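Taken in sequence, the protein lines are chains A and B.
Counting from 1, one number per residue, gives the positions in the first sequence under this note's numbering.
Counting from 1, one number per residue, gives the positions in the second sequence under this note's numbering.
No wet-lab data here; the hints were simulated from the structure.
This structure is a prediction, so every number in the text was calculated from the model and none was measured.
Ideal Cβ positions, reconstructed from N, Cα and C, are used throughout, including at glycine.
Some hints could be false.
Said to hold, decoys possible - Below, a sample of chain A positions facing chain B; criterion: calculated Cβ distance under 7 Å:
| # | residue |
| --- | --- |
| 1 | P42 |
| 2 | G95 |
| 3 | P110 |
| 4 | P126 |
| 5 | A164 |
To be verified - Computed list of chain B residues with no C-beta within reach of chain A, every gap over 12 Å:
| # | residue |
| --- | --- |
| 6 | T58 |
| 7 | E102 |
| 8 | R138 |
| 9 | I226 |
| 10 | H229 |
| 11 | A279 |
| 12 | I280 |
| 13 | G325 |
| 14 | V419 |
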Amino acid sequence: MTQVTTTESGVSRRDFLKIAWGAAGALALVEAAGVGLSFFSPRVVEGEFGGIFDAGAVDSFAVGSVTPFTQGRFYIVRMPDGGFLALYRKCTHLGCAVPWNPAEGRFVCPCHASAFEMDGTVINPPAPRPLDRFQVTIVDGMVKVDTGKAISRDKTSSDDLVYAGGAV
Amino acid sequence: MTDQLDPRPEDLKQRVWESIQRDELPPRDDRGRMRVVMNNLVLHLHPSKISKATLKFTYTWGLGGLALLLVMILSFTGVMLMFVYTPSSDTAYQDMLSLQTEVRFGQFIRNIHHWSGNLLVVVAFLHMLRVFFTGGFRTPREFNWILGLLLLLLIVAANFTGYLLPWDQLAYWAVTVGSSLLSFVPLIGEELRNFLLGGPEVSGATLTNFYGLHVAIIPLTLMGIISFHIWRVRKDSLSIPHKLDGSVDGATGHQIEKVTTLPHLVSRELAFALVMTGAILLWSVWVDAPLEDAANPDHSPNPAKAAWYFMGLQELLLHFHPVFGAIIIPALGLGMLAFLPYQRFDMSAEGVWFRSQKGRRMAYVGVLTALIAVPLLVLWDEYYLDLPGKFPNLPTAVSNGWLPLAALLLMLIGYFDGVKRLFRATACETRQSVFVLLVTAFIVLTVIGVAFRGEGMTLTVPWEVL
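Use the sequences and the hints to build the structure in full.
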């Protein structure tokens, strides 16, 4: 005669142990997955792409010009109204490096022929959204670009532009 | 007394040999042959006896065995290459150059590895088609079909990770384009891509990640699932080839004749492996694996194409919103493939090529439809159709995603219904016709992407592209 001890809650000793072992096993798996994910997560290298870049003095950018920064992988665009914009050079379609075409006055991706206006607006698909931008700050007449986070946007907006307010 | 305690022979040489090889070699009779297969570590992946009819080469085309041979060749040459290559963005390309110019037989070994890897994608795909067209996934083999699908995906993953290692322009931009597909997965896409690449762009961290995946994680997983796959084949045995009239193909009389695996199957496998190895070596002597200029993250080549097996997807991307081209349509396709063996198979005979006479005619219809419709649709979309322009108020995910996808699905349903009625066919034959249509469509898209897309990915003629 085997007797299964049942507590008031109706869970037998055997069931309790089964659940406890199962839970411990599941917890171990979750922990292993967590350690694995953290271990393999991308490491940010300081001072390289991903940091804050000094692009130069406000006056060094002509109004209506596009200046490439190869190291920072962005363009400083100075719109005709004098506003600043930092565009990530990576195509929003499949990630190719988009060159500025001064003759046509637009960005044309060599990979799949996406084209963008000076402010990043899509002229020609397949690119699904405007070029991403980086945050521009102007401190003491110097243009600084934070490449830490590319800001994606569904539509271009004049709010994206930064003006050298103090100079005016 | 001592004889009974230790029945082994007195002679030491013989004792050593028998401690290694327990069965008599060469075996004297069928019993002995079966025992050798059963007790041998490698051979026991086979059953000891098989149906004679399944030996017919034009039934299996030796495709599964060929895939296994390629995996073995890739393992050997891959390990050799590991000794002359450092996975760092500073040294990788230099190592490739010295591999091709200084290492003795370096170019040759690289060629074998490169071509075997590419061939494996083709062979695994053909193997899948063979199993489908002979109904080889019927009960009890459904799950082995799923394992095969997993293997196909792993093979593509192995190819894709290996593609980056030469660190030339081809590698860098193909992986940039290929991994960007991932970033269109809803919600977690960007995170997923960053995790895989070790950052937002292809970089030295990506090379380290891909190397680890390519030489350790993917091969180990592949070996594990291959063993499982072959073990299942051993348990369930091959489907028996039948002729259209239902008689067993390649057999005389009613009885399904069985023969011993050794030597009937093993000798055929070895001969085929030898011929194919010879063919691959010969090809690798004459045709060099490509190597372009060193990777330059500042300059995308024009056009920048993904690896050839992704060109079908890349072609879809030119016509659909990225979420549809890269995620939804491929997921639908894979889902359909995985679901195939679990649908009712309402044919009497398994092992009949293309199900039936009607099935064969309907397969032709599928091929023809795709050969005509897909190029026409591509041309139409390229030059005339501008859905986002027609519906400027809709988000492009609708105008260039849901809308055309729904239209295509409706056309497919119409096709299914149409040919089913026209031929008075069973659902099973009709499904095959749709399958053939979709497979052909995928191949046509791949060919268009590889051979008809020139500068700026505009449509042009192949001699301008290749």
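Okay, the hints, checked on the actual structure:
Taking 7 Å as the C-beta cut-off, the interface hint given for P42(A) holds, the closest approach to chain B being about 5 Å. Because the smallest distance between the Cβ of G95(A) and any Cβ of chain B comes to about 4 Å, under 7 Å, the interface hint for this residue holds. With its C-beta approaching chain B no nearer than about 4 Å, P110(A) sits inside the 7 Å limit, and its interface hint holds. Restraint check, P126(A) versus chain B: the minimum CB separation of about 6 Å is within 7 Å; hint holds.
Here the hint on A164(A) is broken, as its CB sits about 28 Å from the closest CB of chain B, past 7 Å. Against chain A, the non-interface label of T58(B) holds: every CB pair exceeds 12 Å, the least being about 42 Å. Every Cβ of chain A is farther than 12 Å from the Cβ of E102(B); the closest lies at roughly 32 Å, confirming the non-interface assignment. At roughly 35 Å, the least C-beta separation between R138(B) and chain A is larger than 12 Å, which holds for a residue marked as non-interface.
Its beta-carbon lying about 24 Å from the closest one in chain A, I226(B) satisfies the requirement of being farther than 12 Å from that chain. H229(B), annotated as away from the interface, keeps every beta carbon of chain A farther than 12 Å; the closest lies near 26 Å. The claim that A279(B) lies off the interface holds: its Cβ sits roughly 35 Å from the closest Cβ of chain A, which is beyond the 12 Å cut-off. Every Cβ of chain A is farther than 12 Å from the Cβ of I280(B); the closest lies at roughly 33 Å, confirming the non-interface assignment.
Once the 12 Å rule is applied to beta carbons, G325(B) is inconsistent with being away from chain A; the minimum gap is 9 Å. Remark: the non-interface label on V419(B) is consistent with the geometry, its nearest Cβ contact in chain A lying 33 Å away (cut-off 12 Å).
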